[in-house]
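> Taking the hints into account, I'd like the entire structure generated from these sequences.
Which chain is which? The protein sequence lines are W and C, in order.
According to the working numbering, the first sequence is numbered sequentially starting from 1027.
According to the working numbering, the second sequence is numbered sequentially starting from 10.
Derived by calculation from the structure, the hints in this document are not laboratory data.
Hints may contain errors.
[As the list claims (entries may be wrong)] Computed spacing ranges between beta-carbons, pair by pair: (1) Ala-140/C - Lys-1122/W: 38 to 46 Å; (2) Asn-58/C - Pro-1085/W: 45 to 53 Å; (3) Val-1135/W - Gly-87/C: 35 to 43 Å; (4) Gln-81/C - Ala-1173/W: 50 to 58 Å; (5) Ala-1173/W - Pro-26/C: 17 to 25 Å; (6) Asp-1158/W - Gly-142/C: 42 to 50 Å; (7) Arg-1147/W - Pro-46/C: 42 to 50 Å; (8) Lys-1122/W - Tyr-123/C: 18 to 26 Å; (9) Val-1037/W - Gln-81/C: 45 to 53 Å; (10) Gly-1035/W - Arg-125/C: 31 to 39 Å.
[Unchecked claim] Pairs of lysine-lysine residues, derived as DSSO-like cross-links and limited to a Cα-Cα distance of at most 30 Å, are as follows: (11) Lys-157/C - Lys-122/C; (12) Lys-1151/W - Lys-1133/W; (13) Lys-13/C - Lys-1070/W; (14) Lys-122/C - Lys-13/C; (15) Lys-122/C - Lys-1070/W; (16) Lys-122/C - Lys-136/C; (17) Lys-13/C - Lys-1133/W; (18) Lys-83/C - Lys-1122/W; (19) Lys-83/C - Lys-1133/W.
[As the list claims (entries may be wrong)] Partial pick of chain C residues on the chain W-facing surface, computed with a CB cut under 7 Å: (20) Ser-52; (21) Val-54; (22) Pro-56; (23) Tyr-99; (24) Ala-101.
A virtual CB, placed ideally from N, CA and C, is assigned to each residue, including glycine.
So you can see what is in the structure, the chains are spelled out below.
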Amino acid sequence: MSTPTFDVGDVLTGPTRPISLQRAGWYSIGIFSAATGAPHEIQKNIHTDHEYARSQGLPAAIADGMHSTNWLNALLSHEFGEHYISRGRLRTRYVKPTLLDVPLTPKAVVTDRVETAEGVRYELKVWVEDPDGTELTVGDAAAVVQA
Amino acid sequence: MLGKTIADLEAGDVFEPIRYVLTEFICAEYAHANEDPCEWYYSAVAPYNRQLRPPTMIHADKMRILEANCTQEKRISGQHTDDARIHYEYHAQHHSPAFVGEELVVSGRIVDKYTRRGGEYLHYELKVETADGRLITTYNDLTLLSYKPIAEAKKA
Chain W
1027 MSTPTFDVGD
1037 VLTGPTRPIS
1047 LQRAGWYSIG
1057 IFSAATGAPH
1067 EIQKNIHTDH
1077 EYARSQGLPA
1087 AIADGMHSTN
1097 WLNALLSHEF
1107 GEHYISRGRL
1117 RTRYVKPTLL
1127 DVPLTPKAVV
1137 TDRVETAEGV
1147 RYELKVWVED
1157 PDGTELTVGD
1167 AAAVVQA
Chain C
10 MLGKTIADLE
20 AGDVFEPIRY
30 VLTEFICAEY
40 AHANEDPCEW
50 YYSAVAPYNR
60 QLRPPTMIHA
70 DKMRILEANC
80 TQEKRISGQH
90 TDDARIHYEY
100 HAQHHSPAFV
110 GEELVVSGRI
120 VDKYTRRGGE
130 YLHYELKVET
140 ADGRLITTYN
150 DLTLLSYKPI
160 AEAKKA
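Right, here's the structure in full:
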């Protein structure tokens, strides 16, 4: 992979996708399988079951915040590669409930670029937005790019 | 065992660490769950010719350590309380990659527990290291212990 280079103001955009009930189920299987080391079934929870979500005071099933975090993580991994995976940082806040089936787009903008002894440190604002541009997940990230 | 349930955890509580060996299955299954296309999580066609752990897998590590430290709320095993937990903030600092075959040690503590806008929040601090002491990830997490009080407050 060539050394990634960005300027302040550069906008990075990932694919637009809705989190469907099926995708919520995939995450349920994956997180529990990863947490046990063995194949796991879908769990009934606020992400996979509308009725259970309503019993918890929610309007319907909502996406797991980690789904948005992972889509931002994939965007940063794609753009910065090992520089992000080995020396990066990601913070996300789930500021609005994300209902299922809403098309979501992960985005990032470079807010700072600093030469350091370790390498070039990039700071980014990150967010996941719906089709109206409303930011449902917000946060910031960093990656240190070594030549 | 620290708390009966996650809601019983208190500021200052220190988790009993957990250990596990990172496998091909664990990395690939987690990446596949969120359709991450990065090949590095699925095979050794990756930096150092070794399959890597997705850094966001700290979320699975959080579930592992809670499962081991709470006697009456084991969400992986399907033992729930009446309240769903709502993840509010994820904050991971990556220090080095973890590779398939390595033994990982997850430790952590409860930094704070507080009420804000009618909701009760738990602040976790976790650390993932290899068994030989290489730091992988440090992590801070905010979780809302129940969505119900906020919803009920809105109806009032």
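> Hint by hint, note whether the structure agrees.
Outcome of the hint check:
For the pair Ala-140/C and Lys-1122/W, the supplied restraint of 38 to 46 Å holds, since their beta-carbon distance comes to about 40 Å. A hinted range of 45 to 53 Å holds for the C-beta pair Asn-58/C and Pro-1085/W, which are about 48 Å apart. A C-beta distance of roughly 41 Å is found between Val-1135/W and Gly-87/C, which places it inside the suggested range of 35 to 43 Å. Checked against the hint of 50 to 58 Å, the pair Gln-81/C and Ala-1173/W passes, with Cβ atoms roughly 52 Å apart.
Taking 17 to 25 Å as the suggested C-beta distance range, the pair Ala-1173/W and Pro-26/C does not conform, at roughly 37 Å. Look at Asp-1158/W against Gly-142/C: about 48 Å separates their beta carbons, and that is inside 42 to 50 Å. Separation of Arg-1147/W from Pro-46/C is about 26 Å and departs from the stated range, judged on CB atoms against 42 to 50 Å. Between Lys-1122/W and Tyr-123/C, the C-beta spacing of about 21 Å keeps the proposed range 18 to 26 Å intact.
With their beta carbons about 47 Å apart, Val-1037/W and Gln-81/C fall inside the hinted range of 45 to 53 Å. A C-beta distance of roughly 34 Å is found between Gly-1035/W and Arg-125/C, which places it inside the suggested range of 31 to 39 Å. Proposed proximity of Lys-157/C and Lys-122/C is supported: the alpha carbons are some 17 Å apart, at most 30 Å. Of the supplied pair hints, the one linking Lys-1151/W and Lys-1133/W holds, its CA atoms being roughly 8 Å apart against a limit of 30 Å.
This hinted pair checks out: Lys-13/C and Lys-1070/W have alpha carbons roughly 22 Å apart, not beyond 30 Å. Restraint check for Lys-122/C and Lys-13/C: satisfied, since their Cα atoms lie roughly 16 Å apart, inside the 30 Å limit. With a C-alpha separation of about 27 Å, the suggested pairing of Lys-122/C with Lys-1070/W holds against the 30 Å cut-off. For the given pair, Lys-122/C sits about 19 Å from Lys-136/C by alpha-carbon distance, which is consistent with the 30 Å threshold.
A threshold of 30 Å between alpha carbons decides the hint, and for Lys-13/C with Lys-1133/W the separation of about 40 Å lies outside it, so the pair is violated. Taken as a hint, the Lys-83/C and Lys-1122/W pair is honoured in the structure, with Cα atoms around 27 Å apart against an allowance of 30 Å. For the suggested pair Lys-83/C and Lys-1133/W, the alpha carbons sit about 35 Å apart, so the restraint of at most 30 Å is broken. Interface restraint check: Ser-52/C against chain W, minimum CB-CB distance 15 Å, threshold 7 Å, status violated.
Annotation: Val-54/C was flagged as interfacial toward chain W, and the flag is violated, the nearest CB pair being 13 Å apart, outside 7 Å. Of the supplied interface hints, the one on Pro-56/C holds, with its beta-carbon coming within about 5 Å of a beta-carbon of chain W, less than 7 Å. Here the hint on Tyr-99/C is kept, as its CB sits about 5 Å from the closest CB of chain W, short of 7 Å. For Ala-101/C, the shortest C-beta to C-beta distance to chain W is roughly 6 Å, which falls under 7 Å, so the interface hint holds.
Taken one by one, the earlier hints fail for this structure at numbers 5, 7, 17, 19, 20 and 21, listed in ascending order.
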